[in-house]
Amino acid sequence: AQKVTQAQTEISVVEKEDVTLDCVYETRDTTYYLFWYKQPPSGELVFLIRRNSFDEQNEISGRYSWNFQKSTSSFNFTITASQVVDSAVYFCALNSGGYQKVTFGIGTKLQVIP
Amino acid sequence: DTGVSQDPRHKITKRGQNVTFRCDPISEHNRLYWYRQTLGQGPEFLTYFQNEAQLEKSRLLSDRFSAERPKGSFSTLEIQRTEQGDSAMYLCASSPSGYEQYFGPGTRLTVT
Chain F
13 AQKVTQAQTE
23 ISVVEKEDVT
33 LDCVYETRDT
43 TYYLFWYKQP
53 PSGELVFLIR
63 RNSFDEQNEI
73 SGRYSWNFQK
83 STSSFNFTIT
93 ASQVVDSAVY
103 FCALNSGGYQ
113 KVTFGIGTKL
123 QVIP
Chain V
6 DTGVSQDPRH
16 KITKRGQNVT
26 FRCDPISEHN
36 RLYWYRQTLG
46 QGPEFLTYFQ
56 NEAQLEKSRL
66 LSDRFSAERP
76 KGSFSTLEIQ
86 RTEQGDSAMY
96 LCASSPSGYE
106 QYFGPGTRLT
116 VT
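Taken in order, these protein sequences are the chains called F and V.
Just so we're aligned, residue 13 is where the first sequence starts under the numbering used here, counting upward by one.
Just so we're aligned, residue 6 is where the second sequence starts under the numbering used here, counting upward by one.
Hints listed in this document are in silico derivations from the structure and should not be mistaken for laboratory results.
On a predicted model such as this, the values are computed, not experimentally measured, just so you know.
Treat the hints with caution; some may be incorrect.
Claimed, not checked - Cut-off 25 Å, straight-line C-alpha distance, at most; resulting in silico cross-link-like pairs (BS3-like, lysine-lysine):
hint, chain 1, residue 1, chain 2, residue 2
1, F, LYS121, F, LYS50
2, F, LYS50, F, LYS113
3, V, LYS76, V, LYS62
4, F, LYS50, F, LYS82
5, F, LYS113, V, LYS19
6, V, LYS62, F, LYS113
7, V, LYS76, F, LYS15
8, F, LYS50, F, LYS15
Extracted from the complex, chain V is given alone in its bound form:
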């Protein structure tokens, strides 16, 4: 499978715990994006990497959220001190050109 992969696919955590998600983009894509999607809504942009550099961040990305792409390949998204409002689908996408973005299957987070 040469598409975007995300791990885990589902995560249930208790409020206050930290969680980390991983995204592996399509191998030749140097651009990587994180989005959040809540039920009944479209994806909302969180952040963008070109290679290892984080170039754009949304105001949605509070201080509890941090994303990294240390070697310009896979990326991680960490949420500290999770809150119930963090429950959502976290989507990763990659792109070779900055135009079409190819999405992974997402990680569904449930905070209890």
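Isolated chain F (complex conformation):
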């Protein structure tokens, strides 16, 4: 069974603050993939990043960075210098076991206040 937990349901920050969205996952498989998606108010899910279980290197893309730690089964997402356009629901997701099914967390709603 695979499970994704996003304990923060809603976060509010003031523009230009840094914010970290937490994600904890569960799987018995040794090969798995982790994802983050953004769902803005328009509703369309936007792919942000994919990591596989063999690559624990952190990744940075502009103001976005991801911290993958297998020891704590976490895949956290940090937005630096947040902007109003970052306001959205962010989903962490997991795929494992050789299946195509992706299991999503409940999502974290981020509100960036100007």
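Please arrange chain V on chain F, whose structure you already have, making use of the hints.
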């Protein structure tokens, strides 16, 4: 626009009616997925196609639900005898590799 498209974007139907949704994936993607998303929840996997073959189905996909991808291009999702609990956003995604999935805008179904 070369992204995933879905039609219709919104559908209101009365309980007991049948509805059909269409998804057109990104043209070079051979993998296609259907998900359902209810308010305040993440998407839940329904089914997966590789080309025209339906290879995975969730237990969420009851006998009233059927999905097809007859020529390995567009796909349809039909719900028969709709119930109020079927009200949700139905999302389609496609992928070239089975890793990143690219989502369409969704079809919002309201069953009255």
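Hints, verified against the model:
The suggested pairing of LYS121 of chain F with LYS50 of chain F holds, with an alpha-carbon distance near 10 Å, which does not exceed 25 Å. Using a Cα cut-off of 25 Å, the hinted pair LYS50 of chain F and LYS113 of chain F holds, with the two alpha carbons roughly 18 Å apart. In summary, the hint linking LYS76 of chain V to LYS62 of chain V is supported, as the alpha carbons are separated by about 19 Å, within the 25 Å threshold. Distance check on the hinted pair: LYS50 of chain F and LYS82 of chain F sit about 23 Å apart at the alpha-carbon level, within 25 Å; holds.
At most 25 Å may separate the alpha-carbon atoms for a hinted pair to count; LYS113 of chain F and LYS19 of chain V exceed this at roughly 31 Å. As the CA atoms of LYS62 of chain V and LYS113 of chain F are separated by approximately 9 Å, the hinted pair is consistent with the 25 Å bound. With a C-alpha separation of about 34 Å, the suggested pair LYS76 of chain V and LYS15 of chain F falls outside the 25 Å cut-off, and the hint is violated. For the suggested pair LYS50 of chain F and LYS15 of chain F, the alpha carbons sit about 19 Å apart, so the restraint of at most 25 Å is met.
Of the numbered hints given earlier, the model fails hints 5, 7; all others are met.
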